[in-house]
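> Note that the protein sequences, when read in sequence, are chains A and B. Quick note: the first sequence uses this note's numbering, first residue 1, plus one each step. Quick note: the second sequence uses this note's numbering, first residue 1, plus one each step.
Bear in mind the hints are in silico, worked out from the structure with no lab data behind them. The structure displayed is predicted, hence computed values, not measured ones. Note that beta-carbon positions come from the ideal geometry of N, C-alpha and C, so glycine has one too. Don't take each hint at face value.
Said to hold, decoys possible - One-sided excerpt, in silico: chain B residues whose CB lies under 10 angstroms from chain A:
hint	residue
1	T2
2	R13
3	L44
4	A73
5	D77
6	I83
7	V84
8	E91
9	T93
10	A215
11	Q219
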Amino acid sequence: MRLCGRGIRCVRGGREVFSALDFEASSGAALAVTGPNGSGKTSLLRLIAGLLTPTLAGGTIDLEGGGVELSLPEQAHYLGHRDALKPALSVQENLEFWRDFLGGEAFDPAQSLAAVGLDHAARLPAAYLSAGQRRRLSIARLLAVRRPVWLLDEPTNALDAAGQGLFAGLMNDHLARGGLIVAATHAPLGLQARELRIGEAS
Amino acid sequence: MTALAALIRRDIRIALRVGGGALIGVLFFLTVVVLMPFAVGPDLALLTRLGPAILWLGALLASLLTLDRLFMADHEDGSLDLIVMSRTPLELTCAAKALAHWLAAGLPLVIATPVLGLLLNLDATATSAVALTLLAGTPALTFTGMIGAALAVTLHRGGLLLAVLVLPLSIPVLIFGVAASEAAITGPVSFGAPFSILCALSLISFVIGPFAAAASLRQGLD
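Build the full structure now, drawing on both the sequences and the hints.
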């Protein structure tokens with residue numbers, strides 16, 4: 001499986017964020033998108049996720065060798081700044097909803113929670129989680145349904161050192177299964193990754 | 001199918017828990033109808049005559065009250081991004097969300113109507129006529145209101161805008177809802193004609209609402 005973008009141009013609010021951007025990532029490999037604040041890291045991830053309409057002839061993004069009848073966003077997990085959790089529902093209910101709703105090969109939510117160290121809080125309403133625990137719950141979503149492409153936006157934000165180590169292990173497992181990761185990050189991810197710098201005056 | 005069932009289950013669950021919107025609509029409906037006799041005065045004949053219109057207005061405003069959160073809440077916490085990326089067509093998702101909203105916020109209004117009819121001096125026939133027209137008409141309010149809710153997602157403070165956008169679309173529902181109730185109570189027009197048009201309005205909104213809402217959600221992605 002190979003994800004490649006050619007000549008991507010992104011315009012936000014009338015301002016060109018980046019243009020003529022090429023990138024490539026193949027299965028089993030991670031691509032770390034780095035750059036200063038406001039350089040368009042999040043925009044690039046949202047373009048790949050199909051959450052931004054490529055305005056003004058913005059190049060092409062293709063996934064080669066993926067599911068035949070599925071589009072790229074349908075094969076991708078998006079972990080954004082916002083955690084997509086409902087405070088009124090319990091940890092387990094939140095996770096079960098996303099497992100049922102996202103569709104695809106599903107796994108036992110209890111195992112996913114155990115993998116991120118949240119199994120003791122399964123019945124707790126999500127409103128009572130700390131920022132780091134919310135992040136862990138979002139990461140559990142990536143494990144509850146198998147999707148080959150992970151699009152991660154600052155995934156280690158709010159995670160403690162143990163959580164970062166744990167997440168690095170989960171990402172390595174995903175890559176070992178032939179998955180593909182594109183992560184926007186400032187901090188080191190803790191795994192072998194090719195770097196894509198954007199927003200640098202060249 | 002499991003995806004849509006999961007979505008409906010989740011939305012109803014959130015609405016029924018503390019802080020959810022299900023009770024707010026009914027309480028607002030109750031407030032409007034309880035205040036009305038104090039404003040109109042103790043003229044029982046007048047109250048009976050105005051009753052169906054008051055119940056319908058109350059239900060219309062109450063269903064608008066919670067509708068602006070339909071997509072806004074999911075937008076704010078990032079759920080909408082994942083909903084758009086899911087394997088379920090967005091049109092079906094929108095229809096499921098509207099159905100869940102109606103079950104949690106619209107159906108309680110219909111159930112509360114017989115109690116509130118007592119306060120307006122409506123007899124059993126009149127109350128059941130109003131309840132029946134509300135049962136047929138409130139889905140149309142939810143499904144057309146959904147279009148406004150989807151448009152309001154991209155605009156901050158879209159709540160007021162929702163009312164301005166949606167109220168004109170709900171005028172036909174109001175006209176034929178009240179007309180059908182009046183016809184059942186006083187005649188001379190038969191109940192069937194306005195009631196059929198009311199049902200038709202609901203059916204049209206089932207078709208147009210999800211497509212228009214999905215289109216405006218896609219357009220508003222950012």
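> Now tell me, hint by hint, if it's right for this structure.
Against the structure, the hints:
1. T2: 5 angstroms, holds
2. R13: Check passed: Cβ of B/R13 comes within 7 angstroms of chain A, closer than 10 angstroms.
3. L44: 43 angstroms, violated
4. A73: Hint holds; B/A73 Cβ to chain A Cβ min 8 angstroms, cut 10 angstroms.
5. D77: Given a least distance of 6 angstroms, the restraint on B/D77 holds.
6. I83: B/I83 check passes; min Cβ-Cβ to chain A is 8 angstroms, inside 10 angstroms.
7. V84: 6 angstroms, holds
8. E91: Result: violated, 15 angstroms to nearest chain A Cβ.
9. T93: With Cβ-Cβ at 9 angstroms, under 10 angstroms, it holds.
10. A215: 13 angstroms, violated
11. Q219: 8 angstroms, holds
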